[in-house]
Amino acid sequence: DMTSVPMVGKGSPSDPFGQFRAECESLLRDAYSNLQKSDRKRFPELDLASSLEDPPNQEFGHLASSLSFELSRVQKTKPMTIATEIVHELGKAKVHRLVESVQAAEPGYVNFKAKIETLTQLTLDAILHEGSSYGLLKTGQPQGVIVEHTSANPARPIHIGTAKNSIFGDTLARILGGRGHTVKTHFYIDDTGRQVAQMAYGYKLLGEPKPEGKPDEFFGKIYSITSTLVELDENKKRLVLLRKTNASDIDIVAMTKELDEWVGVAAELQSKYPAEFEVLTERMSKDPDPQGSINELIRKYEKAEPETRSLIRRVSQMMLAGFEETLRRAHIHFDQWDWESDMLWTGRVSELLDRLKETGLAHSKGGAWVLDAGKAVDDHALREKLGLSKSFEVTSLTLTRSDGTTLYPTRDIAYSLYKFEKADRVINVIGVEQSLAQLQVKVAMWILGHRKQAMNFLHFPIGLLTLEGQRMSARRGRYVTFDQLLDEALLRAKQEVDKRSSELPEEVKYRVAESLAISAIRYAMLSVEAVKSTNFTWDRALNFEANSAPFINYAYTRGLGILKKIGSHERPSYFNKLIEPAEQNLILALARFPETFARSAEELDPTLLCLYANDLAQRFHEFYEKSDISHLHDEELKWQRASLVEATGIVLKCVTELLGMKLAERM
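Quick note, the sequence shown lines up with residues 1 to 667 if you use the numbering used here.
Hint data in this document are derived by calculation from the structure and do not stem from the laboratory.
Quick list of in silico lysine-lysine cross-link-like pairs, DSS-like style, CA-CA up to 27 Å:
no., residue 1, residue 2
1, Lys204, Lys286
2, Lys509, Lys653
3, Lys365, Lys300
Can you build the whole structure from these sequences, using the hints too?
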């Protein structure tokens, strides 16, 4: 949790609105301490800074304090009466650099109005002077941060659910980097699991051919067919066993239903990939126990048996090359790829297991080791520390199978400790359904004595994603891949560009469509809070009228158009003529960028930057519609407005880069 970290940069030159806020705070503090001197009982200690908020309406002012409402509970007086008293006291202060006026307003707010002319000068000077670094306020406590995200199972292509995870993870890394932390992105390769073993088994049966087309699609196909055929085989065997043992009709009916479902899945795959399906069916029928062969592969790989090691690493590496290609299209790269098998082979996992057994909180159940995480939470009084409600049940965590092989969570604990050797803070961008598992990792770290690390270990939960309301099923090979989403976006963006700018040369149209497509996907996902379930729709992602990447890009393109039209000119030194409401609205938004950026970094909330970018674009469009620039006779006003346009372009570019979007210069 970073909300406790002091905000740095308040009142420094690059935070115009922050300077205004700091002045309001300081005036409020002085006035309050004078009131306290006269009557401590009526004016107790209160957190004054957090009482400053945005007024519901700009006409009332630019910041409002709700202090009177808190005090009215103490004093049993109407808030408005108290507000008037505070304003009277505030009126005694002589020097105001950025505060124009202070007023009491019903039902009891204390409203501060900014000196817009001074704020305008400060803001435009800062942006035009600092350029792309404007607003990127640095933290006073820079840390080494690892953001682990995506970590898709290397058995099928990255699908759109994981794409949401990738986009949030990548954006968090960009924002934290901008805040002054040293950020590294890691991808955790789950190469020791059943899925990769099934894929490797199928590939071996096919005679290890050279992959055709994109490798992740090629291997995804093998995985889908192999896992389906194995399920069919297992279900048939179970049904035979049930009939032999005179099981109840209910069990037999349920088993038959399950088998029928897999027959359906197989039929779908057979019609999609007839050649591979036929070869795999024929060759697998010669293996009396496919499931056993796969288990054998898993065991051999855990023991790093050379031939198995070479096979599984080889297929995984080809898969990952496909992943990299997909992610590169979406402007996502990784600093490090970590293999789960390395955690096993280097002895990290077995060492961890020994340490967990020594805590006295792990016990053996029929040969399998289990960690009593619930008891750990109560023994170490962790409920409060981890923010868990009284009723939240922390279940036990199974560490090993009965044959002694370790399970995914055990390796995950070892991997988390490994990450802390390289960083002060670890952020895991993982599905919201993994909340309990992530909590169990945290508890395990705590009971092993890694308390500081446990408190700096953060699960950043990602909610479900659907596309146009469809449900996905990986089991049935029914999923929309990230590549398909990117292809479809490009196609649709190209149609829009053709429709709107038919005069552009073809290769320019393609480049514009490419920028728009990727930005549209990233923005559509990032503009809904990460933890919420999102339904991705094309109407929203490519809506040119509001709240989308094209809408924001259009503001940027319009601005460039104006600047191109009027040519270059020396920048004015003063911005005293920008007094229209549409101009001031735009300037206020620009002044608030640093504050918004710092908040999005401290609260780990990229969505705030989406809202900001959309609001800034909205205000720019309003200004554009109301203000003439190129035909103005008043030269001074013309160049002051041109500077405002230039400043807006700089901030739009900066905020969209943090979101991993690329702005097209023409549309």
